[in-house]
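Participant: My request is simple: use the sequences and hints to build the entire structure.
With the first letter of the sequence shown counted as 1, position 216 gets the number 216 in UniProt numbering; the numbers rise by one all the way through.
Hints may contain errors.
[To be verified] Distance condition first, Cα-Cα at most 30 Å in a straight line; then the derived DSBU-like pairs of lysine-lysine:
hint: 1; residue 1: Lys203; residue 2: Lys272
hint: 2; residue 1: Lys203; residue 2: Lys173
hint: 3; residue 1: Lys230; residue 2: Lys203
hint: 4; residue 1: Lys511; residue 2: Lys448
hint: 5; residue 1: Lys184; residue 2: Lys203
hint: 6; residue 1: Lys467; residue 2: Lys487
hint: 7; residue 1: Lys467; residue 2: Lys448
hint: 8; residue 1: Lys184; residue 2: Lys173
To be clear, the hints were calculated from the coordinates, so they are not data collected in a lab.
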Amino acid sequence: MSKSKIRRRKTRSYRGRRPVVFKTPLFIAIGVVFLALLLFKLYQINNGNTLSVSSTKPNIVVFMADDLDKALFDRMYAEGFLDNIKNYLGTQGTTFNNAFHSTSLCCPGRATFFSGQYSHNHRVFDNINTPEAPGSVTAFNDDSTLVTWLNDAGYLTVNIGKYLNNYGTDSSKPVTDPRNPAYKPPGWDYWHSLITYNMYNYKMSANGVVKTYGSTEADYQTDRIKTLAKNYINGFEAADTTPFYMMVTPFAPHQEIGTGALTTGCSAFAWKYAARPANRHANSLSSWTLPFSESFNEVDLSDKPPIIQAQPQLTSQEQDCANFQYRKRAESMRAFDDLVGEVVNTLTTNGEIENTVLVFTSDNGYFLGEHRLWGKIIGYEESLRNVLIIRAPGIPAGQTVDQFVLSNDMAPTLTELTGTIIPVSAPAVDGRSLVPLLQNPNLSDWRKRFLFEYQGAAAHNGVVIPKFFGVRTSPNDTGVAQQVYTKWNDNGTEYTEYYDLMIDPFQLDSKHNDASRSAQMQTLLGHVNNLQACTGSSCVSFEN
Numbered sequence: 001m002s003k004s005k006i007r008r009r010k011t012r013s014y015r016g017r018r019p020v021v022f023k024t025p026l027f028i029a030i031g032v033v034f035l036a037l038l039l040f041k042l043y044q045i046n047n048g049n050t051l052s053v054s055s056t057k058p059n060i061v062v063f064m065a066d067d068l069d070k071a072l073f074d075r076m077y078a079e080g081f082l083d084n085i086k087n088y089l090g091t092q093g094t095t096f097n098n099a100f101h102s103t104s105l106c107c108p109g110r111a112t113f114f115s116g117q118y119s120h121n122h123r124v125f126d127n128i129n130t131p132e133a134p135g136s137v138t139a140f141n142d143d144s145t146l147v148t149w150l151n152d153a154g155y156l157t158v159n160i161g162k163y164l165n166n167y168g169t170d171s172s173k174p175v176t177d178p179r180n181p182a183y184k185p186p187g188w189d190y191w192h193s194l195i196t197y198n199m200y201n202y203k204m205s206a207n208g209v210v211k212t213y214g215s216t217e218a219d220y221q222t223d224r225i226k227t228l229a230k231n232y233i234n235g236f237e238a239a240d241t242t243p244f245y246m247m248v249t250p251f252a253p254h255q256e257i258g259t260g261a262l263t264t265g266c267s268a269f270a271w272k273y274a275a276r277p278a279n280r281h282a283n284s285l286s287s288w289t290l291p292f293s294e295s296f297n298e299v300d301l302s303d304k305p306p307i308i309q310a311q312p313q314l315t316s317q318e319q320d321c322a323n324f325q326y327r328k329r330a331e332s333m334r335a336f337d338d339l340v341g342e343v344v345n346t347l348t349t350n351g352e353i354e355n356t357v358l359v360f361t362s363d364n365g366y367f368l369g370e371h372r373l374w375g376k377i378i379g380y381e382e383s384l385r386n387v388l389i390i391r392a393p394g395i396p397a398g399q400t401v402d403q404f405v406l407s408n409d410m411a412p413t414l415t416e417l418t419g420t421i422i423p424v425s426a427p428a429v430d431g432r433s434l435v436p437l438l439q440n441p442n443l444s445d446w447r448k449r450f451l452f453e454y455q456g457a458a459a460h461n462g463v464v465i466p467k468f469f470g471v472r473t474s475p476n477d478t479g480v481a482q483q484v485y486t487k488w489n490d491n492g493t494e495y496t497e498y499y500d501l502m503i504d505p506f507q508l509d510s511k512h513n514d515a516s517r518s519a520q521m522q523t524l525l526g527h528v529n530n531l532q533a534c535t536g537s538s539c540v541s542f543e544n
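Facilitator: This is the structure we're talking about:
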């Protein structure tokens with residue numbers, strides 16, 4: 001086996017000196033916890049427990065953005081504003097051109113990442129929890145996840161940044177309730193999870209203890225998360241303990257809901273708040289404007305369901321507000337790119353980069369005026385498309401993959417890359433490993449379609465979004481290639497949308513009333529009905 005796949009651990013002598021793991025008072029305390037946990041794991045190893053730390057297993061670092069849409073990412077990437085992501089992941093890894101979200105919303109999307117399941121199986125339907133639509137961190141079954149599987153296989157695990165919505169927001173709850181900031185979900189060894197989502201003056205649960213950060217430059221949330229990640233990597237290396245799994249999840253480029261991000265002259269909630277960039281990047285992209293695609297502020301919505309028709313056309317002032325949001329989203333991503341660069345440099349300095357899987361992705365897409373919408377959820381391309389780049393040991397650099405991949409695929413992919421076995425007792429995983437595509441980007445026997453769905457209770461401009469299930473087909477789906485079919489259910493009233501992306505890539509003209517396409521729509525409806533009830537291997541079968 002090549003050296004790129006197996007790297008022997010270095011041996012060190014600490015004779016005459018003590019290793020410095022963390023340098024600040026907070027990290028000294030963390031270091032004590034770290035060493036105690038390490039001794040416990042060594043005790044387990046010496047007693048025949050399977051939680052041994054294997055030197056041949058790669059580390060994993062996942063960078064997950066919040067609300068990053070593919071169009072914004074692609075523009076910044078192409079124009080040289082995300083060069084760390086480009087140079088360290090893109091040119092050295094595999095870029096997936098057709099990555100998608102199966103549910104384009106923060107909490108369900110993150111639950112899908114950790115579980116490998118469609119939302120109809122993990123049952124996290126929304127960012128908030130209501131009787132009619134279970135959601136938020138309280139709805140997620142965290143007993144068996146990607147993290148617990150890796151931890152049971154010997155991985156040290158770290159979460160730094162956002163976890164699932166509503167985590168740690170109510171200290172009056174029992175410590176077994178994930179709304180209590182003392183709660184640390186199963187499988188996580190080290191825990192620095194955001195409780196509030198401001199870019200300054202925010203709170204984190206630092207291994208169960210609430211820590212409040214201030215308003216200094218070093219406290220800028222993305223930069224603080226960067227520092228924490230670097231310190232943990234240095235600490236693991238000093239203690240000579242790998243492999244590790246690290247989630248690095250800043251809030252950027254999500255809009256900051258707070259007084260610091262209020263936008264002058266923008267009163268509607270959709271445009272009232274903007275993302276907040278680091279001061280060093282503020283106004284660095286002041287000349288940028290929205291691309292104003294054909295779907296922006298769509299003129300004729302008569303072909304669309306009532307929820308879309310109810311959206312008012314953007315005024316000229318609101319278009320200016322959308323432009324401002326766009327610039328701030330872009331500027332906030334520049335600190336994220338700095339974060340990626342410094343984390344990769346830290347891995348390199350410690351001799352770990354060639355033994356580390358790097359992933360860059362987002363939790364959902366985003367609308368900024370397309371179809372008169374803002375936010376996410378609804379199953380148009382702007383919301384469904386994801387960003388995904390994977391760099392892994394032994395995988396050729398600079399590859400691109402055009403086959404359809406999903407956020408559902410991340411858990412099985414990372415378990416295969418690490419040689420981790422998903423327990424037989426675990427809930428069925430709906431996704432599939434992307435390792436075959438990493439090894440052969442031109443693999444033809446692959447997913448032809450996927451389900452997108454929403455069963456929550458969120459409102460858009462005061463109108464509750466109905467439940468929907470839809471199917472998006474690939475160019476290889478014979479007879480129905482590149483088509484999107486959605487069935488909506490608004491409290492028993494059903495609506496249909498149908499787009500042929502070959503002739504209507506911006507989804508401007510639904511053909512659901514076109515009788516000449518009835519056979520295609522029947523085929524697509526059959527796919528939706530099969531996929532909305534699928535679980536585990538049946539999802540793979542129905543996607544094929």
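Participant: For a quick check of understanding: which of the numbered hints are violated here, in increasing order?
Facilitator: Violated hints: none at all, because every hint is consistent with the structure.
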